[in-house]
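K.L.:
This is what each chain is made of:
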Amino acid sequence: MSYKPTNIQYSNIHKRWKRHIVLKEVDIHVQGGHCILISGKNGSGKSTLLRIMAGLVKPDQGTIELGLGTLPWKQGVKITQQQVMYLHQTPYLFSGTVEKNLRYVQAAHNNLPIEMEDINKAMAWANIRHLSHKPVHQLSGGERQRVALARARLRSPKVLLLDEPTANLDKDSRARVMELLSSLRKQGVAIVIASHDPIHFSSVIDQRLRLIHARLEPEPSQPDNIIPLHERGASHS
Amino acid sequence: MSYKPTNIQYSNIHKRWKRHIVLKEVDIHVQGGHCILISGKNGSGKSTLLRIMAGLVKPDQGTIELGLGTLPWKQGVKITQQQVMYLHQTPYLFSGTVEKNLRYVQAAHNNLPIEMEDINKAMAWANIRHLSHKPVHQLSGGERQRVALARARLRSPKVLLLDEPTANLDKDSRARVMELLSSLRKQGVAIVIASHDPIHFSSVIDQRLRLIHARLEPEPSQPDNIIPLHERGASHS
Amino acid sequence: MTDSSLLSSLLDALQLLLLGDGKLWSIILVSFKVSSLAMLVAALPAVICGFLLAYMRFPGRRLLISLFNTLLAVPAVVVGLTFYILLSRHGPLGDWKLLFTQTAMVLGQIALCFPIMVAMSHAAFQAIDLRAWETARTIGAGTVQAFMMIVSEARYAILGAFVAGFGRIIAEVGASMMLGGNILHYTRNIPTAIALETSKGELSQGIALGIVLVTLSFLLVSVLHYFQGRGQIQ
Amino acid sequence: MTDSSLLSSLLDALQLLLLGDGKLWSIILVSFKVSSLAMLVAALPAVICGFLLAYMRFPGRRLLISLFNTLLAVPAVVVGLTFYILLSRHGPLGDWKLLFTQTAMVLGQIALCFPIMVAMSHAAFQAIDLRAWETARTIGAGTVQAFMMIVSEARYAILGAFVAGFGRIIAEVGASMMLGGNILHYTRNIPTAIALETSKGELSQGIALGIVLVTLSFLLVSVLHYFQGRGQIQ
Amino acid sequence: AANNPATILRLATTTSTENSGLLDYLLPDFEKQNDYKVHVIAVGTGKALRMGKDGDVDVLLVHAPKAEAEFVAAGYGTDRTAIMHNDFVIVGPSADPAGLSKASSLADAMQRISKTQSRFVSRGDNSGTYKKESSLWKLANVKPQGKWYIEAGQGMGKVLLMASELDAYTLTDRGTWLAYRDKSPLKILWQHDPLLFNPYSAIAVNPERYKDTNYKGAMAFIHWLVLPSTQHKIAAFRLYQQPLFIPDAVQDNSAPASVVTSEKHS
Ligand SMILES: Nc1ncnc2c1ncn2[C@@H]1O[C@H](COP(=O)(O)OP(=O)(O)OP(=O)(O)O)[C@@H](O)[C@H]1O
Ligand SMILES: Nc1ncnc2c1ncn2[C@@H]1O[C@H](COP(=O)(O)OP(=O)(O)OP(=O)(O)O)[C@@H](O)[C@H]1O
Ligand SMILES: [Mg+2]
Ligand SMILES: [Mg+2]
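Protein chains in written order, with the numbering used here: chain A, 2 to 238; chain B, 2 to 238; chain C, 1223 to 1456; chain D, 1223 to 1456; chain E, 84 to 349.
Hint data in this document are derived by calculation from the structure and do not stem from the laboratory.
Check each hint, because a few of them may be wrong.
What the hints assert, rightly or not - Mimicking EDC-like on lysine to aspartate or glutamate, the simulated pairs with C-alpha atoms at most 16 Å apart in a straight line are:
1) Lys-122(B) / Glu-100(B)
2) Lys-1319(D) / Asp-295(E)
3) Lys-79(A) / Glu-100(A)
4) Lys-25(B) / Glu-218(B)
5) Lys-19(B) / Asp-61(B)
6) Lys-316(E) / Asp-107(E)
7) Lys-294(E) / Asp-1317(D)
8) Lys-226(E) / Asp-191(E)
9) Lys-214(E) / Asp-170(E)
10) Lys-1319(C) / Asp-250(E)
11) Lys-1245(D) / Asp-250(E)
12) Lys-122(A) / Glu-100(A)
13) Lys-25(B) / Asp-61(B)
14) Lys-299(E) / Asp-162(E)
15) Lys-42(B) / Asp-173(A)
16) Lys-42(A) / Asp-198(A)
17) Lys-172(A) / Asp-198(B)
18) Lys-299(E) / Asp-331(E)
19) Lys-79(A) / Glu-1356(C)
20) Lys-270(E) / Asp-179(E)
21) Lys-299(E) / Asp-118(E)
22) Lys-79(B) / Glu-1356(D)
23) Lys-266(E) / Asp-250(E)
24) Lys-59(A) / Glu-26(A)
25) Lys-59(B) / Glu-26(B)
26) Lys-266(E) / Glu-1424(D)
27) Lys-5(A) / Glu-66(A)
28) Lys-172(B) / Asp-198(A)
29) Lys-101(A) / Asp-119(A)
30) Lys-19(A) / Asp-61(A)
31) Lys-59(A) / Glu-1356(C)
32) Lys-59(B) / Glu-1424(D)
33) Lys-187(A) / Asp-207(A)
34) Lys-42(A) / Glu-218(B)
35) Lys-122(B) / Glu-180(B)
36) Lys-101(B) / Asp-119(B)
37) Lys-316(E) / Asp-331(E)
Stated by the list, open to error - Residues from chain D that face chain E, not an exhaustive set, calculated with beta carbons under 7 Å:
38) Ser-1310
39) Arg-1311
40) Leu-1321
Note that beta-carbon positions come from the ideal geometry of N, C-alpha and C, so glycine has one too.
Can you make the complete structure from the sequences, with help from the hints?
P.N.:
This is the structure we're talking about:
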């Protein structure tokens, strides 16, 4: 659906909560087909950054550059937020059944409700088909997470911001998330992930960044050798 | 504080939600100084089992054996739940500051409020001292988790049930959780952990169980060799 | 009522109910027609106001919230008086000739149920997680759709607000009396009829009408509750 | 009121307020004394009822909830009538000799504010996450402590319930009139005084008293809101 | 009982005596002289009689001769004593569409209203005024019904307000009319008719039915009401510079024998 590849430059983002400076001069370049992983300690500002990019939090300062040149934040975010989807660290599900939650989703490309067929496909993919008529407050932690992921898949936005998407997921589900991410990446979606488990995402990451002292810096080189081992270790179950 | 070592046998637990059988003939033996890890797929019943043990959910069937012989569930759980603490998969914090949340905790050994000094110690331990006057709704995901852990440490119950305690935590905090677990284990606390990341807990686990098809079974042998490697890989950051 | 014991009052009341008569039904009809109209007009704006008070930040927001809460405590008769002065022949809106019509009653009742519904729906929205709104927006809902989704999340408490608003006006006598004039077959509703019977010393008739009102309200509330859901924490 | 224009009514009202007099203050005192007493008695039991309706499972629970919601719609005058028949000399409680006393007014007002507070605090508790209760128990809180913690979580909506309950009784005229008898210096409160002035045609005095009531209520509500918190979703 | 706190005497009366200010004017003397505290409960006549019947009050001051007689005959009250009277008047729009000014009698006046279908606001309750109105319709042989006949079911004051708003006729007691006169475009169209007399009586609640009723106080009150000094005071009471009540229990002729008023029969 996207004719021009997505290309957004967020520049010079500053954010502080009262006296506590969380983000300082943060630049981040989001491209279609490109997957960024942001790591950082608890409270380093990962969620804040993603929420700012999604237009849910207003930064104290910052600009957005699209094809059209640099825009002031307010104006830029109005354009981008239509195509940006943020997945909460603890997902929120609307009261009612799983299916009802998915029926709420509007297709990103035309903002129209999504067909039942696609909903069923997404449920099958997230392995929640058997839960479709279950009220969400009865779901387990991982099941909730999977509903949220199905929602993201259905919406298929141009920019996908994922906040700890694999917490609470079992190995199978994690593998499914990896599949989703690589297929979305191939389709030209720009992806940004915040996670404490960077290791889970090794196969899809194009760029690793780290929030440290309120600044976003490139991750020091990653010892690649351990990944296959861990993956092997994890796959036994 | 505990003169006799904790020793509780939960037997023959059955639980179903409507037609869906979640737990069948589950036995679990909880001992002071012993740490059990329960793994299993999403929706396999880990949280349900811990919540049953904590007295938050009523099983359809089940008995509790203490020093006194076998008790019917209702009676047994009344005795045990005083000393059992369950940490929710997504922790609930009471509105107000971090400190207020910790001041709510009653010491397990005498059910009296805890001294400010201990609260400060616990905050220092969980590295949330700087957040003590922050309203909890402003905390990051990992910060919330750490408050919940500080609460568990303060309460220091005889049985501690942890549901995904390391999700959302950064490496430092995970290490601190391991410290806590091993020190509690040494003090004779019985610990049960439900987690999708068994690997994080390798150093403290005495017994590995797995929920599969509603039954609790011993975990097939764990390939030990990968653990030190992963730990090494993780420690670089 | 031949003697004043409670039992005989109640028996009389029941008898009146069972026999019924055209007058009674006209009174019931006026009551429910006027109050339903007022609810129809006031409900949506009230919910929207409650929503804005919960989700928007603007100077004077807290003051407005206090104000709406205060307006709960305005006696119906004062609302009646105020509209009376407005609508009276010499009043600023005297030309509309609305006094002693059902329209005037509807106006008064709107003024009565609006604040309680704003205050209660504000409290309802206030209890909803901010992530609900964020999630709604993030999955592509427009402002209106997202609003509807939040309303649906808060539906239990919002229906409670409607019940309270309806309860306030279906039972109020001060404004209806002042603005409607308690004219038989036209502006006499159940509460003003009760007031009349009481002033006549016909306590049993008053109680009978009260029972009619409560019974019909109960049916209405039960229907609402059917939509409201289980009312138990989850 | 020498002529009926709105402006002159309001000026008259203001003048009366500023001059004030002993009678006015006695009326205000009766109002707030009686309603505060009723609130003091009813508030805690109502919150406990709301809590039990939200947290306990027992047969008839949903029916009870509907019932309390219905009782919101019982006209004050019907409550007045019912208590009148009970307390009247002929009635079952006639020996207590409570009719036309402040105690009778308090009883009537308790009956009026109790259901709305139950219904609203039930809705308040219903919106609180079940994990709140579980967490409270798990960190060692006893039943009472845990209850207090949940109340504190729901305090915004519960204070809203108190405001609504208070609003209902401070402004009601039907029950106070029936049960108190509108005796000057003893059972005449603001609403019955307004009714009296209105029946005398002293509309400006009625409005003046209305303004007094609303002003005092506003002060009270503002104080409550200070404790209630920001009233914005988080 | 001079040192004890004053005993409470419960007086149920019609709104007209309370609203006109007569009781505020009279009662302090009684309370001073007799060491009673009077609790005035002002309601409609129907309700006042009901309270007497139930024994919830000690003494009544009401104006509904027929109902009073029944009340006493049924044994609910004793010592019914005529105290005073005032009178009713018919008010209506100054244009007088029904032509009451041309009426030959009260019955004719009532017939004119119904014939011309001129709006008439009725109390429509059990008040003394309503009972009087009903008897007038009966007198005129008219069954009032139709769009022009508005049954308000409210107190006198509200009915006057309604009649003013709607340019309608209505029957009112003079006291309430005086209070509303200034804000009403209506004027008196029929008055000083003996048929429109409105007698007030005091009745003690029967102590044989209710032992603990304050019969002593009730009798003290009734006796005090008929004292020449009290009757003089009643005659001297003015509302808007007009006398309102004519004492009925005075035997001497030092009190004004009839109402002196500037308003002439129209
Ligand atoms: N609304 C707010 N008001 C005040 N402070 C806030 C607010 N939201 C977040 N913070 C603070 O900002 C800091 C960054 O929070 P953020 O949620 O972005 O961290 P994070 O990197 O996502 O952490 P985690 O790994 O624990 O999820 C934290 O210290 C947090 O307490
Ligand atoms: N209250 C409930 N009513 C009905 N079904 C429920 C309820 N609570 C849980 N379940 C179902 O029971 C199953 C087990 O849930 P549980 O939360 O115990 O899983 P879990 O092993 O903790 O999963 P996860 O790893 O995702 O946290 C799930 O399929 C869930 O949907
Ligand atoms: Mg975060
Ligand atoms: Mg779980």
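K.L.:
Are the hints correct? Go through all of them and say.
P.N.:
Cross-check of the supplied hints:
Only pairs whose Cα atoms come within 16 Å are accepted, and Lys-122(B) paired with Glu-100(B) is accepted, the gap being roughly 12 Å. Taking the CA atoms of Lys-1319(D) and Asp-295(E), the gap is near 11 Å; set against the 16 Å cutoff, the hint holds. At most 16 Å may separate the alpha-carbon atoms for a hinted pair to count; Lys-79(A) and Glu-100(A) exceed this at roughly 29 Å. Annotation: proposed proximity of Lys-25(B) to Glu-218(B) holds, straight-line Cα distance about 11 Å (limit 16 Å).
For the proposed pair Lys-19(B) and Asp-61(B), the alpha carbon gap of about 11 Å is at most 16 Å, so the pair holds. Proposed proximity of Lys-316(E) and Asp-107(E) is supported: the alpha carbons are some 12 Å apart, at most 16 Å. Note on Lys-294(E) and Asp-1317(D): the hinted pairing holds, with a Cα-Cα distance of about 12 Å set against a maximum of 16 Å. Between Lys-226(E) and Asp-191(E) the alpha-carbon distance is near 14 Å, which keeps this suggested pair within the 16 Å criterion.
A hinted pair counts as satisfied when its Cα atoms are at most 16 Å apart, and Lys-214(E) with Asp-170(E) qualifies at roughly 14 Å. This hinted pair checks out: Lys-1319(C) and Asp-250(E) have alpha carbons roughly 12 Å apart, not beyond 16 Å. For the hint linking Lys-1245(D) to Asp-250(E), the alpha-carbon distance of about 36 Å lies beyond 16 Å, and the restraint is violated. With a C-alpha separation of about 12 Å, the suggested pair Lys-122(A) and Glu-100(A) falls inside the 16 Å cut-off, and the hint holds.
Our distance criterion of 16 Å between C-alpha atoms is met by Lys-25(B) and Asp-61(B), whose separation comes to about 10 Å. Using a Cα cut-off of 16 Å, the hinted pair Lys-299(E) and Asp-162(E) holds, with the two alpha carbons roughly 12 Å apart. For the hint pairing Lys-42(B) with Asp-173(A), the CA-to-CA distance comes to about 8 Å; that is within 16 Å, so the pair holds. Distance check on the hinted pair: Lys-42(A) and Asp-198(A) sit about 11 Å apart at the alpha-carbon level, within 16 Å; holds.
Proximity of Lys-172(A) to Asp-198(B) is assessed by CA-CA distance (about 9 Å); at most 16 Å being required, the pair is judged to hold. The hinted pair formed by Lys-299(E) and Asp-331(E) fails the criterion: a straight-line CA distance of about 23 Å is larger than 16 Å. With a CA separation close to 15 Å, the supplied pair Lys-79(A) and Glu-1356(C) stays within the 16 Å bound. Our distance criterion of 16 Å between C-alpha atoms is met by Lys-270(E) and Asp-179(E), whose separation comes to about 9 Å.
A threshold of 16 Å between alpha carbons decides the hint, and for Lys-299(E) with Asp-118(E) the separation of about 12 Å falls inside it, so the pair holds. Between the alpha carbons of Lys-79(B) and Glu-1356(D) the distance comes to roughly 14 Å, so the proposed pair stays at or under 16 Å and holds. A C-alpha spacing of about 13 Å is found between Lys-266(E) and Asp-250(E), which places the hinted pair at or below 16 Å, so the restraint holds. Taking the CA atoms of Lys-59(A) and Glu-26(A), the gap is near 15 Å; set against the 16 Å cutoff, the hint holds.
Distance hint between Lys-59(B) and Glu-26(B) is fulfilled; the C-alpha atoms sit about 15 Å from each other, no more than 16 Å. Distance check on the hinted pair: Lys-266(E) and Glu-1424(D) sit about 10 Å apart at the alpha-carbon level, within 16 Å; holds. Distance check on the hinted pair: Lys-5(A) and Glu-66(A) sit about 15 Å apart at the alpha-carbon level, within 16 Å; holds. Proposed proximity of Lys-172(B) and Asp-198(A) is supported: the alpha carbons are some 9 Å apart, at most 16 Å.
Among the hinted pairs, Lys-101(A) with Asp-119(A) is consistent with the structure: their alpha-carbon atoms are about 13 Å apart, no more than 16 Å. Our distance criterion of 16 Å between C-alpha atoms is met by Lys-19(A) and Asp-61(A), whose separation comes to about 11 Å. With a C-alpha separation of about 13 Å, the suggested pair Lys-59(A) and Glu-1356(C) falls inside the 16 Å cut-off, and the hint holds. Distance restraint check for Lys-59(B) and Glu-1424(D): the Cα-Cα separation of roughly 65 Å exceeds the 16 Å cut-off, and the hinted pair is therefore not satisfied.
Distance restraint check for Lys-187(A) and Asp-207(A): the Cα-Cα separation of roughly 12 Å lies within the 16 Å cut-off, and the hinted pair is therefore satisfied. At most 16 Å may separate the alpha-carbon atoms for a hinted pair to count; Lys-42(A) and Glu-218(B) exceed this at roughly 36 Å. A distance of roughly 15 Å separates the Cα atoms of Lys-122(B) and Glu-180(B); the hinted pair therefore holds under the 16 Å criterion. For the hint linking Lys-101(B) to Asp-119(B), the alpha-carbon distance of about 13 Å falls within 16 Å, and the restraint holds.
Simply put, Lys-316(E) and Asp-331(E) have alpha-carbon atoms about 12 Å apart, close enough for the 16 Å limit, and the pair holds. About 5 Å separates the beta-carbon of Ser-1310(D) from the nearest beta-carbon of chain E, less than 7 Å, and the hint is met. Residue-level restraint check for Arg-1311(D) holds (minimum Cβ-Cβ distance to chain E is 4 Å; threshold 7 Å). Checking Leu-1321(D) against chain E: minimum C-beta separation of about 5 Å stays under 7 Å; hint holds.
Checked against the numbered hints given earlier, the structure breaks hints 3, 11, 18, 32 and 34 and satisfies all the rest.
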